[in-house]
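Number of protein chains: 2
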Amino acid sequence: MKNTLIRDLFLKPEAYIESEIKVSGWIRTTRSSKTFGFIELNDGTYFNNLQIVFDDGLENFADIEKCSIASSLIITGTLIATPNAKQPFELKAKEIVVEGYSTPEFPLQKKRHTMEYLRTIAHLRPRSNTFSAVFRVRSAAAFAIHKFFQDRGFVYVHTPIVTGSDAEGAGQMFRVTTLDLENLPVDDENKFDPTQDFFGKETNLTVSGQLEAETFALAFRDVYTFGPTFRAENSNTKRHAAEFWMIEPEIAFADLTDNMSLAEDMVKYIIAYVLETCPEEMKFFNERIDKGLMDRLSHVLNSDFGKVTYTEAVDALINSGEVFEYPVFWGADLQTEHERYLTEVIYKKPVFVINYPKEIKSFYMRMNEDQKTVAAMDLLVPGVGELIGGSQREERLDLLIDRIKELGLNEEDYWWYLELRKFGTTRHAGYGLGFERMIMYLTGMGNIRDVIPFPRTVKNAEF
Amino acid sequence: MKNTLIRDLFLKPEAYIESEIKVSGWIRTTRSSKTFGFIELNDGTYFNNLQIVFDDGLENFADIEKCSIASSLIITGTLIATPNAKQPFELKAKEIVVEGYSTPEFPLQKKRHTMEYLRTIAHLRPRSNTFSAVFRVRSAAAFAIHKFFQDRGFVYVHTPIVTGSDAEGAGQMFRVTTLDLENLPVDDENKFDPTQDFFGKETNLTVSGQLEAETFALAFRDVYTFGPTFRAENSNTKRHAAEFWMIEPEIAFADLTDNMSLAEDMVKYIIAYVLETCPEEMKFFNERIDKGLMDRLSHVLNSDFGKVTYTEAVDALINSGEVFEYPVFWGADLQTEHERYLTEVIYKKPVFVINYPKEIKSFYMRMNEDQKTVAAMDLLVPGVGELIGGSQREERLDLLIDRIKELGLNEEDYWWYLELRKFGTTRHAGYGLGFERMIMYLTGMGNIRDVIPFPRTVKNAEF
Chain P
242 MKNTLIRDLF
252 LKPEAYIESE
262 IKVSGWIRTT
272 RSSKTFGFIE
282 LNDGTYFNNL
292 QIVFDDGLEN
302 FADIEKCSIA
312 SSLIITGTLI
322 ATPNAKQPFE
332 LKAKEIVVEG
342 YSTPEFPLQK
352 KRHTMEYLRT
362 IAHLRPRSNT
372 FSAVFRVRSA
382 AAFAIHKFFQ
392 DRGFVYVHTP
402 IVTGSDAEGA
412 GQMFRVTTLD
422 LENLPVDDEN
432 KFDPTQDFFG
442 KETNLTVSGQ
452 LEAETFALAF
462 RDVYTFGPTF
472 RAENSNTKRH
482 AAEFWMIEPE
492 IAFADLTDNM
502 SLAEDMVKYI
512 IAYVLETCPE
522 EMKFFNERID
532 KGLMDRLSHV
542 LNSDFGKVTY
552 TEAVDALINS
562 GEVFEYPVFW
572 GADLQTEHER
582 YLTEVIYKKP
592 VFVINYPKEI
602 KSFYMRMNED
612 QKTVAAMDLL
622 VPGVGELIGG
632 SQREERLDLL
642 IDRIKELGLN
652 EEDYWWYLEL
662 RKFGTTRHAG
672 YGLGFERMIM
682 YLTGMGNIRD
692 VIPFPRTVKN
702 AEF
Chain V
242 MKNTLIRDLF
252 LKPEAYIESE
262 IKVSGWIRTT
272 RSSKTFGFIE
282 LNDGTYFNNL
292 QIVFDDGLEN
302 FADIEKCSIA
312 SSLIITGTLI
322 ATPNAKQPFE
332 LKAKEIVVEG
342 YSTPEFPLQK
352 KRHTMEYLRT
362 IAHLRPRSNT
372 FSAVFRVRSA
382 AAFAIHKFFQ
392 DRGFVYVHTP
402 IVTGSDAEGA
412 GQMFRVTTLD
422 LENLPVDDEN
432 KFDPTQDFFG
442 KETNLTVSGQ
452 LEAETFALAF
462 RDVYTFGPTF
472 RAENSNTKRH
482 AAEFWMIEPE
492 IAFADLTDNM
502 SLAEDMVKYI
512 IAYVLETCPE
522 EMKFFNERID
532 KGLMDRLSHV
542 LNSDFGKVTY
552 TEAVDALINS
562 GEVFEYPVFW
572 GADLQTEHER
582 YLTEVIYKKP
592 VFVINYPKEI
602 KSFYMRMNED
612 QKTVAAMDLL
622 VPGVGELIGG
632 SQREERLDLL
642 IDRIKELGLN
652 EEDYWWYLEL
662 RKFGTTRHAG
672 YGLGFERMIM
682 YLTGMGNIRD
692 VIPFPRTVKN
702 AEF
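Each protein sequence line maps, in turn, to chains P and V. For the first sequence, the positions run 242 to 704 when the working numbering is used. For the second sequence, the positions run 242 to 704 when the working numbering is used.
One chain only, chain P, in its complex shape (with noise of 0.2 Å):
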């Protein structure tokens, strides 16, 4: 008989009750007296669980009986509706072949544990309620995110890992080497030699697609990136990782103003889709994570993103009087208290801010006319603060390279990108989307660590 997926009977019952069907998983939780038992299996397709009756007229009743939790069970059996159950339906069984024994030192057993506990089991923690619906959403969303660009003709660009440029200057850096660190290799003078490496000079990971992206931007006119980015920091908050991923799409002819308008409409694209394909999953994260959660998303998807001036937010958070760790003023780059006072108190919705002080943004954007600010956008969102930022990028040779020599930069690394303005340069704009953030955002889960299958951090790499 052919395996039926337990997402499937949940989707479409009809087409499964009273039939004979085959099902295989893994025990959730089991409890049996002397002459029957139930079983919570979970094969993996879906976030609830199929509820298994069997009796002692199974043969290996005993030991089905004695099975412990995430033991793997093939099971042939009846489903059956059980309309006035908690659970919609339940499968009688005929017939359980274990494909696989668990043991009970299996470390979920059924009680609380602490998220640093199962950060030490990153392998098994999948197997749990919150990290099954935490990993099939960062799925569904990743998903989305493709589908959404796609579906609007962008081109999906791989852009580099391993970089050897420090192009974008944006903090430290992991160093990409085959050298023997026990045996480095020196040159004629006796010192450390960075050519006799793999690439034949040194090597980073890179912390941004972006400057790559727009090379293809102005072929492609609409790209976009989705890929892995890192950060040496040695810095250890629930918001930083080593290795996360980012979406860097950037689109030619367009200005601030297309960028924003993208920004919101992917982000409002992303919350819906994952509304709509893991309806059980976001149930319980509202349930058990974060009470506010359903009402924080359904009032970003039913709101038109605010637009203010950085000069107006500053005027905003100096007028209402509150007191901030932090002291505000014109030039000072907005703290997270300041961006969810901002979106949270003051506008109450997501909110661009833009035209930041130059002297606090990348040498890449846009100067104003007032030759103080630059195009630059951080879309706020209740709840979390910053989740995007971009800008319009200086399409302007001239404008460009002052930029770049005022901020005592190489001219030289840049010859490519430089190149980009010489050659048909256009009007373009982008933005950077830390994908980590967006599924914390989704899910009301705090800590980053607990959104990435295997988290790097500081001191550690573990699996």
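Accuracy of the hints is not assured; some may be wrong.
For chains that are exact copies, the list does not tell them apart, and a pair is met inside one copy or across any two.
Here are the simulated BS3-like cross-link-like pairs (lysine-lysine), alpha carbons at most 27 Å apart as the crow flies [stated by the list, open to error]: (1) Lys589 x Lys509; (2) Lys335 x Lys253; (3) Lys253 x Lys388; (4) Lys275 x Lys700; (5) Lys243 x Lys548; (6) Lys307 x Lys663; (7) Lys263 x Lys663; (8) Lys442 x Lys432; (9) Lys388 x Lys509; (10) Lys388 x Lys524; (11) Lys243 x Lys509; (12) Lys663 x Lys352; (13) Lys307 x Lys333; (14) Lys613 x Lys663; (15) Lys700 x Lys432; (16) Lys590 x Lys646; (17) Lys327 x Lys307; (18) Lys479 x Lys442; (19) Lys243 x Lys335; (20) Lys509 x Lys432; (21) Lys253 x Lys243; (22) Lys613 x Lys548; (23) Lys243 x Lys388; (24) Lys613 x Lys335; (25) Lys589 x Lys663.
Worth flagging that the hints you see were computed from the coordinates, not collected in a lab.
Add chain V to chain P, keeping to what the hints say.
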């Protein structure tokens, strides 16, 4: 007036013919006489160009006439059907605004360039026909893969890029470090101390996400990875890059037959999807890159993939009487020449070779009853040779430990991998598809450097 994408003109011309529209894009070619001119405009959204007709009725006629290739333009005009011309329609320009000038130094002038030269301008080559087609097909194929697995309920899992274990032992790895190579830390005995590195130990770039994917398969049943992987091999061939993307599905309650069935469905799905969504690009490849391409792909689509054992394949090669560079005997690894002979000459279609001698395969592959072969599978396809490699995994704890010991591996390094076999083990299987090899197969491109946006190979990490 709103901008119209050139893609939309080609996909539904009837909606635009005789209408006034605005388009924007880059000049691919331009020619003019005293009073009128033609521009082939590409806006990146479609493979084909839009022909623009302009004349001296434009007040900036002299300027437009002189515009170099690659200049970006915004053009308003009327779309006219041209049933007797090569192109189905053209745009009669009423106004042309130059968004960004180019110069005659633009390297992609209208002449043949070598692939080698084009690699040196990887930031500009997507503006050529060949690379516009390659990278759009790459994007479409990536989405096809996600869609194939998501439609079947597979969970997409991001396995780690930085790894603390050389668990698979699949070749040379790149080290990841934040240590200052000119000032390495030492321990009390003045020996190099890797514990002072960012992650507290030696870490490397992953060669495969398989082992981690298995942990998720034993929770979600059907999962897949799609991410970058790395090989630090000092080999300078047309088929190897230091950084490439790989797809690794892993399925639980499944054996080698299920695995082959999944691989066959996937390959056919990707081909069908790309043929349907990129017809112009595929026509281009078939005409300009590889004249046998479409026939070969159609043949694969319409073949039931074959299945032979390694032992049968070796016999067939020996009995063929063909003289090979590498000798064929039972126990030898199959070389590309053998693989291609099998799929192209002997079986004349895609063929799975299964049950390889355990000596030439990895420790995690499931031991067959003969105790000599393991449940491995390689998919060989005409024109390429090996496209996919996979296996049923050893789910029996004792046999897995035996193999680990037999190969002299360190059992402790695999503690979490072994635990999967202790707590509800199940039959499971999976395979790896090298994404670039699939793109080469789909496009007929002969060098892996020409299907990666910014390839990384020995001594090369430019851009």
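Please write out, lowest number first, the hints stated earlier that are contradicted by the structure.
Per hint list: 4, 16, 20, 24 and 25 violated.
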